[in-house]
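Generate coordinates for the entire structure from the input sequences, incorporating the hints supplied.
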Amino acid sequence: MGNCLYSVREYCDRPKNTNIRPSFPAVCFVWQIAMIILFGVFIRYDEESDTHWVEHKKSHNITSDAENDFYFRYPSFQDVHVMIFVGFGFLMTFLKRYSFSAVGFNFLIAAFGIQWALLMQGWFHSLDPMDGKIKIGIESLINADFCVAGCLIAYGAVLGKVSPVQLLVMTLFGVTLFAVEEYIILNIIHAKDAGGSMVIHTFGAYYGLSISWVLYRPNLEQSKHLQGSVYHSDVFAMIGTLFLWMFWPSFNSAITDHGDGQHRAAINTYLSLASTVLTAYAISSLFEKRGKVDMVHIQNSTLAGGVAVGTAAEFMLMPYGSLIVGFCCGIISTLGYIYLSPFLERKLKIQDTCGIHNLHAMPGVIGGIVGAITAATASEGVYGKEGLRNTFDFEGAFENRTPAIQGGYQAAGLCVSLVFGIGGGILVGGCQFW
Amino acid sequence: MGNCLYSVREYCDRPKNTNIRPSFPAVCFVWQIAMIILFGVFIRYDEESDTHWVEHKKSHNITSDAENDFYFRYPSFQDVHVMIFVGFGFLMTFLKRYSFSAVGFNFLIAAFGIQWALLMQGWFHSLDPMDGKIKIGIESLINADFCVAGCLIAYGAVLGKVSPVQLLVMTLFGVTLFAVEEYIILNIIHAKDAGGSMVIHTFGAYYGLSISWVLYRPNLEQSKHLQGSVYHSDVFAMIGTLFLWMFWPSFNSAITDHGDGQHRAAINTYLSLASTVLTAYAISSLFEKRGKVDMVHIQNSTLAGGVAVGTAAEFMLMPYGSLIVGFCCGIISTLGYIYLSPFLERKLKIQDTCGIHNLHAMPGVIGGIVGAITAATASEGVYGKEGLRNTFDFEGAFENRTPAIQGGYQAAGLCVSLVFGIGGGILVGGCQFW
Amino acid sequence: MGNCLYSVREYCDRPKNTNIRPSFPAVCFVWQIAMIILFGVFIRYDEESDTHWVEHKKSHNITSDAENDFYFRYPSFQDVHVMIFVGFGFLMTFLKRYSFSAVGFNFLIAAFGIQWALLMQGWFHSLDPMDGKIKIGIESLINADFCVAGCLIAYGAVLGKVSPVQLLVMTLFGVTLFAVEEYIILNIIHAKDAGGSMVIHTFGAYYGLSISWVLYRPNLEQSKHLQGSVYHSDVFAMIGTLFLWMFWPSFNSAITDHGDGQHRAAINTYLSLASTVLTAYAISSLFEKRGKVDMVHIQNSTLAGGVAVGTAAEFMLMPYGSLIVGFCCGIISTLGYIYLSPFLERKLKIQDTCGIHNLHAMPGVIGGIVGAITAATASEGVYGKEGLRNTFDFEGAFENRTPAIQGGYQAAGLCVSLVFGIGGGILVGGCQFW
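Heads up: the protein sequence lines correspond to chains G, X and Z, in order.
When you line the first sequence up against the working numbering, it's residues 650 to 1083, in that order.
When you line the second sequence up against the working numbering, it's residues 650 to 1083, in that order.
When you line the third sequence up against the working numbering, it's residues 650 to 1083, in that order.
Note that these hints are calculated values from the structure, not bench results.
Identical copies go unnamed one by one, so any copy, or any two together, can satisfy a pair.
Listed below are the simulated DSS-like cross-link pairs for lysine-lysine, each with C-alpha atoms no more than 30 Å apart in a straight line:
(1) Lys996 x Lys941
(2) Lys782 x Lys706
(3) Lys784 x Lys1034
Pasting the structure below:
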């Protein structure tokens, strides 16, 4: 919990911000009306959620309703949904006297973000050229939740320092940048990133950290002594941690291929997370006073393995490969909380309320690298001829890609997410807050 | 949280009620034994949960176990189950020194209610004419949970004012009335109400409000000054709110048609709820002192969109239609908490501890009206010939119904739920408590 | 909450144990590295989670990805996962000033346990004779969670009395014993135990109780007066209770046969649990001072029905049979908390922090007996010829078993779980702690 409280206090001490009335309701109303109009113009049901499904089945020779994508993805979708609203929300409740606000604002920006994400991602990914409409189904809902996850990660860096309206603006631009970045990485570069190590975590974390860097004010440090232990807040935060931890296999497998793709992604994530827990506890106990385990590390670093296995979860990473990834990330993430966060704040003037650099940024980058290596070393011997093509989608314009080339493109994807995160954050932070 | 505490205090102050021993254990035992006997006489597994499924598959040419209704509905069932026990339970924890009791009694009456509901709904809906037995499967469990939801809504109006035995009696009659009302609306009138805007929410809310009206005692108001803020209770209540909010798409889609029906209902509910959040926050901030957001509104009004989209969720409401429904309900529900609840209490002598009039009654009625309009304006152009017939079940005795006529019957269904709710509540409240 | 606090105090008072550094990080590191090596040598994906699934489908004439075991079991798996980490974790938060540690250590030992369980269960159950590798899929993950459940039950008996390293050692041996015992019961004796009444609950509870008996120190009783009421901890514990209660149908049905097996197991568990709630409340109110209901009983005894129906849930227990099982267990478990726990402690010197004797041991044994009786009385009339064979797996070497014989073997299975639990616990407790 450590160094997190001062920033909230600081924010609370500025009387001009405690009254959010002037613009907040207006922004909510106007933006929501805009959503309604844009949805009216652009968004329709896709063929699997439309009443024409009956006819679609006949014409496509589908014999069972069980083939509707809904049944392949809905359980995972609900798990992801819980991660976004309860997981991220409660993870941020550890701040004294800020628990309710953390959950509440997380709720608000996620509810706005998913609508805007359906539009932005729709324009880039699922615009029907026949009628110019975006067709949405269960996979769109999952992608919208994913997109919002990026913004909520960024929120973790500035928790307690920004007003609700600023949060909404951060979300508006965050979702927009996300959709562009995602389009470049997944469609143009054709990198694979099922669990979003690059697209979601790396981008989201650097987006938030850049904004936090722009926002830095030196006198914030004075209130540092105001931090205090709030026992029940920490138990609440564990609700967030555990729901994130438990449902992460669903997160990484939610939009992978039907069948073995989802199956393998879930197994890899399950294993990586288990491994992370042990090393996070070990490092925490090793470095803390009197061998105790630090609550912040348990609440956060235990999740790093899920982030880092995001890209490679659908590949043949092998069970031991997942354990190794989790092993390393538990160590790196916990050490980050102990050494890197204080350094970032003192030297680089980057305040990181929830430590997202340790939970999302570093593991996200590691995840991108692991993904690139796993892709580059893929072989027909391990994947099978058809399995290799299916897993990496070497089809259409990308028919001639080899695993080695794919590895290079994966690395390129990681760079794009870094550029968008850092650049976008500085831009949005600069324009909005200065 | 506002005006909720006095009633609990009042109840606690009456010493005669603090000792619940004389009748409470007796009621639990006798009723549970009655359940066992009635289940022994009436209830059996249906063909999909019976060991004869192997033979059933062969005789019906079913090639895969995936066609068992269990796999279409079990994930939604578990989400609904969480809503009933954690969602409703924790939503009521906001009362100081009453958190545990709220969750505990919610648990008790739901556990009794689902058993009685299986019997009551079974007699009306799934009595096998061959052997006079009720055949239950996963859909029966969902319906039992739905039925109990109606009673738990009613509980919200009288929270803290009634004894456990009175709660059980309320549930016994509530479930009975529910089953009759549901039979009339869904089977005789043949209205559609997948998410139960009318059958569950309108009925349940007016049932509880009527009982609360009968229970009114003027001197309760004196203890109003005893209310106080309990920070952690409000965070607990957010657990309830969020699990209700997240799983509402499962609630509204749990018993809709396989395939596009479930798919569409989930999408519509997801969108409606997202929209509600923004307007609930906006109105709350607009009307509260210093622009702050009221915790009660966040905890409750953000859910109104899910209630209001219950009936129409399976229709072709269109994504923007769902947003509009949510938009309006967020406004109406929040304004209800600000203006209507105090009015109801002062002028009409209806005390409403949890504000169910704003969360369930008004949105439920709106949901019924939206359903009637959406049904009346349905066309073959939008639904497709077969899609229209499937969606509204224009089959058998109802083959000749047109959408316009269906709209009229939907409206009739709403009236039935109102009559049963108000009439039933006055009757049950009058007989039991005077 | 009653008699639970003193042991924690006692542990906290011993300064030599508050510093866990010397061995704890070393154990975590070394064991996790061992896991990586063993996984590298032994564990691979099974055919449904491997990229060769595409070819497997073709060669086995499988037309749909929906036939992948992932879709039959993943929703149940996630529910079980929640039970292990949130359910068991939060159930133990009721102790004052120990909430966080309870959740945190539960998290740690479960994360280690699932890895070790995948290996141990793999060696016994799914070693591929072709290449000497263990092939894992979604069912392996569920079984690993199940195995860990046994150890977490044992943890409940010694909660607050043992150090983290001791907990890890308890888990290491617990998982090992579990895998052997499970192999004997399920494979050699060929008893059925889908929900693990015998394999998980009876074994786990007696394993923990035996360790606690070995650990007994008389002077612990002196600090008994230190117990106190912690309101919010009890609300947190209800989170654990409710998630266990709600998801128990998934627990008992997670690894039963596809189709009617899973369907029936879920229904039986749902009913048994509902029935338990009423009798637990009744007995609690009957015996407590002034008719109040005791929080400990609500938190624990309401779950006994799920334990007791574990073995028979997949059989044709009939809905009323499930209600009867739940009815009896609610009574027995609650009476156990009132009379038996104090007796065990005073006379037999067995301290049982969480009362697992009442929640897991007795209901587990009852479950084994119910299973034996249900199996022995099975008939072709009720099950159908094919249904009987499928349900009890009367195939291969067990083709000639009759239901009566199967009943005997079920009883034998129960004895094996008792022997392993008691014997194993004394052995592990004796070696480790003296």
